[in-house]
Amino acid sequence: MSASVAVRPDSESPKRQLVLHAATALFMAQGYGAVSMDAIARAAGVSKATLYAYFSSKNQLFATIINEACRQNMVVTNFLPDGEADVQAGLTVFAGSTLRFLLEERSLAIHRVVVSESVRFPELGRAFYDNGPAVFHQAFGDWLAEQTSAGRLAVPDPGLAADQFIGLLKGGLYLRATLGLTSPTEAEIDAAVASAVAAFVRAYAPG
Numbered sequence: 001m002s003a004s005v006a007v008r009p010d011s012e013s014p015k016r017q018l019v020l021h022a023a024t025a026l027f028m029a030q031g032y033g034a035v036s037m038d039a040i041a042r043a044a045g046v047s048k049a050t051l052y053a054y055f056s057s058k059n060q061l062f063a064t065i066i067n068e069a070c071r072q073n074m075v076v077t078n079f080l081p082d083g084e085a086d087v088q089a090g091l092t093v094f095a096g097s098t099l100r101f102l103l104e105e106r107s108l109a110i111h112r113v114v115v116s117e118s119v120r121f122p123e124l125g126r127a128f129y130d131n132g133p134a135v136f137h138q139a140f141g142d143w144l145a146e147q148t149s150a151g152r153l154a155v156p157d158p159g160l161a162a163d164q165f166i167g168l169l170k171g172g173l174y175l176r177a178t179l180g181l182t183s184p185t186e187a188e189i190d191a192a193v194a195s196a197v198a199a200f201v202r203a204y205a206p207g
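Numbering follows my numbering, with no gaps: position 63 of the sequence shown is 63.
Simulated from the structure, these hints should not be mistaken for laboratory data.
The structure presented is a predicted model; accordingly, all values stated were derived computationally and were not measured.
Mixed in with the good hints, there may be bad ones.
[Unchecked claim] Below, computed lysine to aspartate or glutamate pairings styled on EDC-like, alpha-carbon distance capped at 20 Å: (1) Lys-48 <-> Asp-38; (2) Lys-170 <-> Glu-105; (3) Lys-170 <-> Glu-104; (4) Lys-170 <-> Glu-188; (5) Lys-15 <-> Glu-68; (6) Lys-170 <-> Asp-190; (7) Lys-170 <-> Glu-186; (8) Lys-15 <-> Asp-38.
Whole structure, please, built from the sequences with the hints as guidance.
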């Protein structure tokens, strides 16, 4: 790798964004295993030296795609409320944003790639989990613990409750979308959100 390559350290570097967009498109179209770093560099129109200056491996590049997608589309603290009266309403907004993010075609495509190839490439599954579900579970679990301490909810195991919530939220709607059997309507998404939030609040209401 040439020492003369000048790399902007900020995440908004145009070349870095070109690499991320090109890699995302290739992973979706061809799968993780079939895509090489050479192919990514060609698709992005950058040199291999520039590519490796930003991302030391394909695994790191894939992890960054997952992390940035979650950061841009699903910031937990933006949707969860602080006030007691807003707990159910805030959860509804948060659940709607979360489910719509999961149902985006890009999110579904990445999930399909991970499921199909993580047995052959364990680092792919780890990158996906650590930069996607684990981030969500940690942030949401911390919020549930705060609400329990404040007496607004009664959640004995925040980590387990976070898993339960996402399970309630996905349900059959997400499975059918993942399999390409349906494109959920807004009414179906709203119904899934309302059902999940109602069940969750009933299960963990104080007292």
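Do the hints match the structure? See the list:
Taking the CA atoms of Lys-48 and Asp-38, the gap is near 7 Å; set against the 20 Å cutoff, the hint holds. Proposed proximity of Lys-170 and Glu-105 is supported: the alpha carbons are some 15 Å apart, at most 20 Å. A threshold of 20 Å between alpha carbons decides the hint, and for Lys-170 with Glu-104 the separation of about 13 Å falls inside it, so the pair holds. A hinted pair counts as satisfied when its Cα atoms are at most 20 Å apart, and Lys-170 with Glu-188 qualifies at roughly 12 Å.
Pair hint Lys-15 plus Glu-68 holds up; C-alpha atoms about 16 Å apart against a cutoff of 20 Å. Under the criterion of a C-alpha separation no larger than 20 Å, the hint pairing Lys-170 with Asp-190 is consistent with the structure, at around 12 Å. The hinted pair formed by Lys-170 and Glu-186 meets the criterion: a straight-line CA distance of about 14 Å does not exceed 20 Å. Of the pairs offered as hints, the one joining Lys-15 and Asp-38 holds, with about 15 Å between alpha carbons and a cut-off of 20 Å not exceeded.
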